[in-house]
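Protein chains in written order, with the numbering used here: chain E, 5 to 555; chain Z, 737 to 970.
Hints in this document: simulated from the structure, not taken from any laboratory. Some hints could be false.
EDC-like cross-link-like pairs, simulated, lysine to aspartate or glutamate; straight-line CA separation at most 20 Å [unchecked claim]: (1) E/K535 <-> Z/D754; (2) Z/K876 <-> Z/E865; (3) Z/K876 <-> Z/D862; (4) Z/K889 <-> E/D256; (5) E/K505 <-> E/D32; (6) Z/K876 <-> Z/E864.
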Amino acid sequence: MSTAAIDSPIPPAEPRFTASRVNYLNVDFGVRSWLLTTDHKRIAILYLASITLMFVLGGAFAVMIRLELMTPEGDVLQADTYNKLFTMHGIMMIFFFLIPSVPAVLGNFLVPIMIGAKDLAFPRINLLSWYLYIIGGLITFWAILAGGVDTGWTFYPPYSTRYSYSQVVATIVGLFITGFSSIFTGLNFVVTVHRMRAPGLTWFRLPLFIWAMYAASLIMLLGTPVVAITLALVAVERIVGVGIFNPALGGDPVLFQHMFWFYSHPAVYIMILPGMGVISEVVSCFSRKAIFGYHLVAFSSMAIAVLGFLVWGHHMFTSGESVYVAMIFSFLSFLVAIPSAIKVFNWTATLYKGSVLLTTPMLYAFGFIGLFTIGGLTGLMLAALGLDIHFHDTYFVVAHFHYVMVGGMVMAYMGGLHFWWPKISGRMYPEGIAKVAMVIIFVGFNMTFLPQFVLGHLGMPRRYHTYADEFQILNVMSTAGASILGAGFFIPLLYFLWSLKYSPLAGPNPWGATGLEWQTPSPPPTFNFDKPPIVTDEPYAYAPKEDARVH
Amino acid sequence: MSTDHAAPAHSALRHHFDTLDQQRDASLLGMWAFLVTEVLFFGGLFLAYTIYRMSYPAAFAAGSHHLNIVLGCINTAVLIGSSLTMALAVFAAQQGNGRNVARFLLATMFLGTMFLGIKAIEWTHDYEESLIPGLAFDAKIWAHEGMPPLEAKQFAGEGELFFVLYFSMTGLHGAHMIIGMAVMAFYLRPAWHGRYSRDYYTPIEGLGLYWHFVDVVWIFLFPLFYLVGTRGSH
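Start from the sequences and build out the full structure, keeping to the hints where you can.
The following block contains the structure:
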């Protein structure tokens with residue numbers, strides 16, 4: 005199947021577009037021109053390459069975990085090795101893939117273009133953020149090679165400070181540095197959105213992707229420094245041997261949990277909000293309709309950012325939190341469902357009576373909506389005080405988290421990558437094989453994680469390398485699904501690379517989409533626009549264009 | 737850079753901004769946003785301080801009495817003085833008086849170094865009194881007369897927590913001062929050669945915001961560590 009098979013509103017990729025003009029990719033081919041670039045688009049490409057590597061590495065750890073869990077006995081890995089693998093899977097995927105995924109790749113590329121600016125407000129700080137990411141990543145690599153770390157990605161003391169014989173301090177140094185990469189990205193986005201919008205681009209004409217990035221950036225700014233200082237205290241406690249969080253020496257381990265989750269719960273909204281922004285763009289474009297309830301979708305991003313900071317205590321229902329505190333945190337956690345549901349309902353309402361086009365990005369968007377809803381609703385079960393006692397530290401939590409993060413965020417990231425690939429590379433991706441890959445990923449994902457809900461409900465605890473015999477069938481299903489999922493992710497990797505040379509050229513606006521990024525050539529020139537854009541339209545003005553074409 | 741400007745653009749205007757005003761607004765907003773992250777960075781430590789002070793008031797008072805209040809007061813005055821010279825440097829930059837910018841920056845760096853020097857003296861005393869957590873911490877000096885051994889050990893642990901927080905927070909504060917002074921050194925030369933004027937003084941202004949922030953952190957640290965509990969005759 006080729007792009008020609010898509011319904012009429014999208015013009016097929018035509019050979020009349022030529023790649024000869026100077027753009028950000030072909031302006032200079034030297035290594036220095038990449039490593040010292042301050043062009044936000046090139047930095048996005050640098051991030052794309054690095055986070056893909058981290059994703060493959062984190063995925064490899066997941067493969068080994070699933071391999072071990074095929075059988076109830078510990079036959080492939082020893083307990084210590086298993087502990088290190090799930091820890092490093094979490095660290096790689098959360099800190100080095102999910103948090104930078106949409107912001108640092110798509111956000112870096114799109115935020116200035118979408119608001120009609122030549123670059124982010126602080127281009128050199130943007131480059132610095134990539135170098136911090138790389139330095140933090142290399143230190144973490146070193147920690148892995150020097151024996152790894154086995155505390156879980158949560159670093160709970162006193163295990164992490166007193167009893168773990170693994171590379172806790174080196175890993176923390178790596179994460180501390182990477183945290184500043186995240187802070188600088190968020191800072192850049194906030195200032196850019198405030199100060200660099202094109203003439204006429206008022207706040208309520210901003211694409212919803214920008215609103216989502218803005219909300220996520222606020223969380224990066226406010227949350228990340230707290231986890232940085234918390235992890236630094238863990239390192240101090242471990243090095244100096246004092247008892248900041250160690251109850252044996254007068255410290256309070258629950259204080260660590262408060263400080264850790266004050267960042268790490270909002271961090272899941274750093275991960276999901278940009279994904280929601282992608283979905284808003286994709287759903288509106290391929291429904292050929294303005295998004296339903298623009299203002300509500302925009303405000304719901306901000307509401308999630310604010311509420312996200314008030315719910316961290318739901319990670320500590322079983323940690324000796326007072327009953328009244330737990331009730332308040334439970335109630336506030338339920339509140340997050342409201343803005344999340346607003347988004348889901350508004351996307352669905354956008355589809356209603358739209359001219360829905362089932363392109364690959366749209367398929368990923370459908371995947372997101374369905375899987376995120378499952379992930380979100382099971383989140384409500386975990387936020388309920390009584391149910392959480394039953395589900396706490398079981399595979400139910402693992403399944404919930406992966407439904408939101410992989411079923412939600414990774415789907416959105418893949419959808420966004422396909423949607424903007426013509427803009428980033430200047431070429432189309434192969435539509436037919438991309439749809440096949442999407443279906444494989446979707447099937448593999450559900451087969452991996454749906455059984456884990458059941459396992460968790462039956463009481464299988466997380467973070468053990470052995471389990472009771474009766475859990476085996478579901479675990480084998482999960483492992484089989486994981487192999488499908490893993491294979492599925494390699495297909496896009498291959499055809500994206502293939503498309504760079506062999507795919508037809510995309511032209512400036514292959515999807516017939518609104519938004520400033522589609523009004524400049526693909527790939528864009530170094531300063532994004534040939535002449536500075538002025539915005540006179542409301543966002544998502546799909547309907548008038550349709551009329552013009554009909555009459 | 738857009739070409740339709742009538743006058744040639746200011747040499748400090750970077751390519752991705754339209755006007756110097758836009759550039760200045762962006763830079764200062766960026767600095768404010770950065771300071772917000774700094775507040776939260778220190779905030780984690782202030783939270784830990786609050787929790788442990790509420791849990792162990794007696795040990796915190798005892799710990800505080802080991803600090804030299806006179807040196808602490810002098811340091812507070814020195815640092816507030818450095819904020820004055822920093823503000824004067826910003827004022828001189830607005831006036832386009834480059835030499836005065838450099839002079840006031842140097843004065844600020846001098847006062848900052850003085851602060852760190854006094855801090856070093858205090859830390860040396862702490863070392864001599866065996867108050868360095870984990871490395872040289874003498875549990876015996878914490879025991880009151882007649883305290884049972886187990887209670888004395890617990891009390892010493894709580895006192896050690898006080899000093900962990902003291903060294904973490906004053907250390908982090910000192911690191912911020914060193915970074916600030918390093919950046920000042922970087923701006924001395926351009927300032928002296930008249931880089932900053934009424935049109936363009938954003939770097940000095942941003943630096944000023946940062947330095948005042950570092951100053952304000954100390955204004956909180958000083959009472960929290962030096963002025964805990966009533967000081968009796970001991």
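| request: Go through the numbered hints given earlier and state which of them the structure violates, listing their numbers in rising order. | output: none
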